[in-house]
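> One letter stands for each residue in the lines below.
2 protein chains.
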Amino acid sequence: MSDISLLREKPLAAKKGMFTPVRSKRTFEEVSSQIKRLVFEGVLKVEDKLPSEAELAKQFDVGRQTVREALRILELSGFLTVQKGFGGGSVIKDTILKKTTNLLLDAFKMEKITVEEFTAARLVIEKAILAEAIDRADERDIEILRQNIAQTKEIIARREMATDIGFQFHSLLAKSSKNTVFVILEGAINAIHRNLASRSLPNFRAAKKWVCVHEEIIDTLIKKDRDKAFDLLEKDILSARNALR
Amino acid sequence: MSDISLLREKPLAAKKGMFTPVRSKRTFEEVSSQIKRLVFEGVLKVEDKLPSEAELAKQFDVGRQTVREALRILELSGFLTVQKGFGGGSVIKDTILKKTTNLLLDAFKMEKITVEEFTAARLVIEKAILAEAIDRADERDIEILRQNIAQTKEIIARREMATDIGFQFHSLLAKSSKNTVFVILEGAINAIHRNLASRSLPNFRAAKKWVCVHEEIIDTLIKKDRDKAFDLLEKDILSARNALR
DNA sequence: TCACATTTGTCCGTATGTATC
DNA sequence: AGATACATACGGACAAATGTG
Chain H
36 MSDISLLREK
46 PLAAKKGMFT
56 PVRSKRTFEE
66 VSSQIKRLVF
76 EGVLKVEDKL
86 PSEAELAKQF
96 DVGRQTVREA
106 LRILELSGFL
116 TVQKGFGGGS
126 VIKDTILKKT
136 TNLLLDAFKM
146 EKITVEEFTA
156 ARLVIEKAIL
166 AEAIDRADER
176 DIEILRQNIA
186 QTKEIIARRE
196 MATDIGFQFH
206 SLLAKSSKNT
216 VFVILEGAIN
226 AIHRNLASRS
236 LPNFRAAKKW
246 VCVHEEIIDT
256 LIKKDRDKAF
266 DLLEKDILSA
276 RNALR
Chain F
36 MSDISLLREK
46 PLAAKKGMFT
56 PVRSKRTFEE
66 VSSQIKRLVF
76 EGVLKVEDKL
86 PSEAELAKQF
96 DVGRQTVREA
106 LRILELSGFL
116 TVQKGFGGGS
126 VIKDTILKKT
136 TNLLLDAFKM
146 EKITVEEFTA
156 ARLVIEKAIL
166 AEAIDRADER
176 DIEILRQNIA
186 QTKEIIARRE
196 MATDIGFQFH
206 SLLAKSSKNT
216 VFVILEGAIN
226 AIHRNLASRS
236 LPNFRAAKKW
246 VCVHEEIIDT
256 LIKKDRDKAF
266 DLLEKDILSA
276 RNALR
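Residue numbers (our numbering), protein chains in the order written: chain H, 36 to 280; chain F, 36 to 280.
Note that these hints are calculated values from the structure, not bench results.
Hints should not be assumed to be uniformly reliable.
Which copy is meant is left open, so a pair is good if it fits within one copy or across any two.
[What the hints assert, rightly or not] Calculated pairs, DMTMM-like style, for lysine to aspartate or glutamate (alpha carbon to alpha carbon, straight line, at most 25 Å):
| no. | residue 1 | residue 2 |
| --- | --- | --- |
| 1 | K147 | E64 |
| 2 | K162 | E251 |
| 3 | K128 | D141 |
| 4 | K188 | E174 |
| 5 | K243 | E178 |
Here the structure is a predicted model, which means the values were calculated and not measured.
Throw the hints in and build the complete structure from the sequences for me.
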């Protein structure tokens with residue numbers, strides 16, 4: 036019996052994760068990785084303009100199709116945007132977080148989520164955000180939140196729909212928490228909520244109510260009154276739940 | 036002075052959100068959305084095989100390059116994988132969460148997210164999951180969690196790495212909460228954690244510790260001892276954080 | 001208002017590599 | 001080992017969009 040057969044009986048490779056996959060990168064992946072790396076290394080900065088597709092193809096010594104597939108990847112990943120026409124082309128951007136919430140929303144769409152499940156998760160996450168915001172919100176955050184309330188009141192006074200700006204309030208709250216992960220999670224929750232709410236009719240009387248609740252939440256934020264803040268938020272979220280049914 | 040010039044002075048379009056963006060979808064976006072929609076509607080299921088690129092091009096009445104760019108998008112979004120060679124082609128998958136974490140890792144690389152932020156979010160979500168699990172876990176869930184502990188102990192006894200099965204424990208907890216939203220959120224958190232942890236060396240002594248903590252968590256789950264459960268979970272997550280630094 | 005240049009968007013034909021039968 | 005079916009990749013061409021003179 037040879038050593039090889041012994042190895043086959045009890046291969047050393049049995050432990051998971053010993054070897055890294057060697058699947059040869061496709062050309063367009065190589066191109067996108069190289070551009071990505073330049074962004075990470077700071078060689079390419081936001082608002083920098085990439086050469087045209089034809090020029091990139093020349094420099095990478097690949098076909099234009101390959102360059103385009105690489106650009107699609109970078110575009111979807113949030114590293115750049117593409118505009119056509121004169122003076123158009125690829126411009127480096129930093130919209131990775133935005134694209135992340137889009138993907139997260141897709142993940143939610145794949146599952147059948149009930150309003151109750153959604154509300155339970157929303158309560159937990161937004162309460163956590165509020166708790167962090169109470170600790171970390173500065174004057175600027177408060178000012179921006181107040182502007183949101185003022186705009187909302189104007190819109191309601193004109194008897195127009197204020198749903199969008201109502202959603203925005205919660206996003207601003209998330210930003211006040213100064214935690215990027217919370218911002219992303221709130222973005223996903225917000226997107227689901229918009230999705231669910233798009234089926235039900237907007238309600239002026241409800242809008243007048245929640246704008247007051249939002250205003251009170253800002254007060255508790257300044258006074259750092261945790262318990263009152265949680266009560267108000269719960270009230271807000273639960274009435275939103277009722278509107279969804 | 037005409038009405039038009041008056042409109043220019045104070046355009047009605049000043050109000051935010053009055054108009055929806057009309058940016059005409061590019062053809063490959065239209066193709067990818069259509070395939071996406073079929074997945075959401077359940078017409079296309081996981082492991083279903085799509086026609087070849089040439090056939091898709093024929094059916095959509097577009098060029099092959101357009102189909103390819105659509106496939107790149109769907110591939111990166113986690114809706115399908117592509118294999119070359121005989122019998123190859125596009126196969127529907129559900130790896131959206133995995134792809135989401137790839138993007139989140141890019142955000143980490145861009146230094147938008149710190150380990151502290153990640154841990155803060157993880158604490159909130161997993162505590163909420165644990166709270167729900169205490170209320171909702173049935174005998175079957177407990178049994179599966181116990182099997183996880185037993186397997187982990189076996190692996191440690193063989194002096195092999197138990198990282199994977201350790202992560203699995205938290206996923207099982209999420210499933211016990213019976214809330215799909217929590218399962219998805221935990222999936223995202225878990226995948227990020229795996230990726231972050233893959234850079235640091237596995238630690239046998241640490242593994243022996245956390246398996247005990249996990250076991251104790253199951254006990255508190257049965258006894259419905261909330262406070263003790265939260266303490267244990269916090270211990271577990273904070274030591275995981277320390278391992279990441 | 002009208003041509004013009006630039007760049008992306010799209011299609012076609014062809015060739016090569018690759019994995020299975 | 002050879003045939004087959006598929007993705008991968010290249011090059012050329014034209015259409016569409018967009019800013020400039």
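> Need the list of violated hint numbers for this structure, in ascending order.
none
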